[in-house]
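Numbers -20 to -1, 1 to 183, taken from mature numbering (1 follows the signal peptide of the UniProt record, and there is no 0), label the letters of the sequence shown in order.
Don't take every hint at face value.
[Unchecked claim] Mimicking DMTMM-like on lysine to aspartate or glutamate, the simulated pairs with C-alpha atoms at most 20 Å apart in a straight line are:
1. Lys4 with Asp150
2. Lys4 with Glu152
3. Lys4 with Asp28
4. Lys4 with Glu20
Please keep in mind that the hints were generated in silico from the structure rather than gathered at the bench.
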Amino acid sequence: MSRFPILCALSLAAALPANAEDVKGMAITLPSGATALWQETRQDAQGDGPTYRFRFIIADLAQRVPATTGPATETEDLEDMPEDMPESGDPQADATSVQIDGAPEDAAEDDETEAQADAMLDDPALPAAPDALMQDPIHADVVWLCQNWALPRALQDQPRVRQIVLSIADRELPFGAYDPDALQLFEAFAVPADRDICEWAPW
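With the sequences and hints as input, model every part of the structure.
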């Protein structure tokens, strides 16, 4: 038998659903109330072992992910400001004026400011954990989707799955295709050898 039919059969098997009852487009209700539509499941053996790739569609994904544009990224007003205009926007302000602190009436206010600064040093506000900063806005839904939907299906096959990758888009896309108008999110999870759990693995 030639290798071509064998390779074709393997390619087809890689995209078969994990469950016979899984139908393309089946709806999955997520904890947030969003609806994910299952598109396909693919399997390969790259990396440390079997990897399962579950692809989903959430039509309103753009509404659930904050936009990256807005006042913080709009600099047109700053670019139009004359170079010699103070940041206050008052053209009458004297750019060479200097305020001298330390007058007697300011002493009490300075002491209070220093006391507040000392208190902040004694009890500093900790920044968010790096992992939390890397999580996408629908992270909780994605974790639930891996643990409750993808993992049980991946565990039905042998050898044991080692990694699960979930991709979520706001529209149906061919596997591996790039669409600049589409919004896509990717999350990877490791599956320990001794526990049936999805462990989030930041990219």
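A quick look at each hint next to the structure:
1. Restraint check for Lys4 and Asp150: the C-alpha separation of about 16 Å stays at or below 20 Å, so the hint holds.
2. Distance restraint check for Lys4 and Glu152: the Cα-Cα separation of roughly 11 Å lies within the 20 Å cut-off, and the hinted pair is therefore satisfied.
3. Taken as a hint, the Lys4 and Asp28 pair is broken in the structure, with Cα atoms around 29 Å apart against an allowance of 20 Å.
4. Taken as a hint, the Lys4 and Glu20 pair is honoured in the structure, with Cα atoms around 7 Å apart against an allowance of 20 Å.
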